[in-house]
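Participant: Required output: the full structure, derived from the provided sequences and hints.
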Amino acid sequence: AQSVTQLGSHVSVSEGALVLLRCNYSSSVPPYLFWYVQYPNQGLQLLLKYTTGATLVKGINGFEAEFKKSETSFHLTKPSAHMSDAAEYFCAVRNYGGSQGNLIFGKGTKLSVKP
Amino acid sequence: KAGVTQTPRYLIKTRGQQVTLSCSPISGHRSVSWYQQTPGQGLQFLFEYFSETQRNKGNFPGRFSGRQFSNSRSEMNVSTLELGDSALYLCASSIGQATLNTDTQYFGPGTRLTVL
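The listed protein sequences derive, respectively, from chains W and L. Take the first sequence: its letter number 60 is residue 77 in the working numbering, and every next letter is one higher. Take the second sequence: its letter number 26 is residue 726 in the working numbering, and every next letter is one higher.
Keep in mind the hints are simulated off the structure, nothing from the lab. Any given hint could be a false lead.
A partial selection of chain W residues facing chain L, derived with a Cβ cut-off under 8 Å [as the list claims (entries may be wrong)]: (1) Leu61; (2) Phe80; (3) Arg111; (4) Gly125.
All C-beta atoms, glycine included, are put in the ideal place defined by N, C-alpha and C.
Facilitator: In structure tokens, the structure reads:
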């Protein structure tokens, strides 16, 4: 069975600082991994995804994530935070059938950016 | 190309009532999945429809139901509303059946349901 753990329900950084949001997964099959972002009162927007191939994945808005199989991690990073990055971020792993559905999400990490 | 649309965006109902939410997928997408999002439980899968058939179902009571039309639009219905049904309901569409492939799921803005 697949599962996702996001370390830190709330992360605060200063504008211009490095953003690091942590995600660890558990999967009995090669995982497909996703990061979504949710702005207040909006739906989820796909930031990036890993399926196969290159382990460093680049996404929108300057974000990237690296798949590390040995660490079962898929951490999200951005070199320099911007005020507009303040949102909630969800890591997800593809599930194949079952009552948990197609995507299993972590609990989310709220990112605050201080001026 | 237009994104996933959900109507209405906001709803207020009272306990015992029923409600119907609508989701229009991206043109050409045939799969629609529904999720419930609450502060306590996070994002939980409700069900997936593909080609007008329910393909997968989450652990929700029978009060939660859905359907999909021939144009891939989907509706979900919640009967006998309870206070705990207050949540953001999100739908997501993808080209193929979500449980069988790696197509990206695109989410709508959600319907915020408040049950009083």
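Participant: Against this structure, judge whether each hint is valid.
Facilitator: Comparing the hints with the structure gives:
| no. | hint | result |
| --- | --- | --- |
| 1 | Leu61 | holds, 4 Å |
| 2 | Phe80 | violated, 16 Å |
| 3 | Arg111 | holds, 7 Å |
| 4 | Gly125 | holds, 7 Å |
The earlier numbered hint that this structure contradicts is number 2, and it is the only one.
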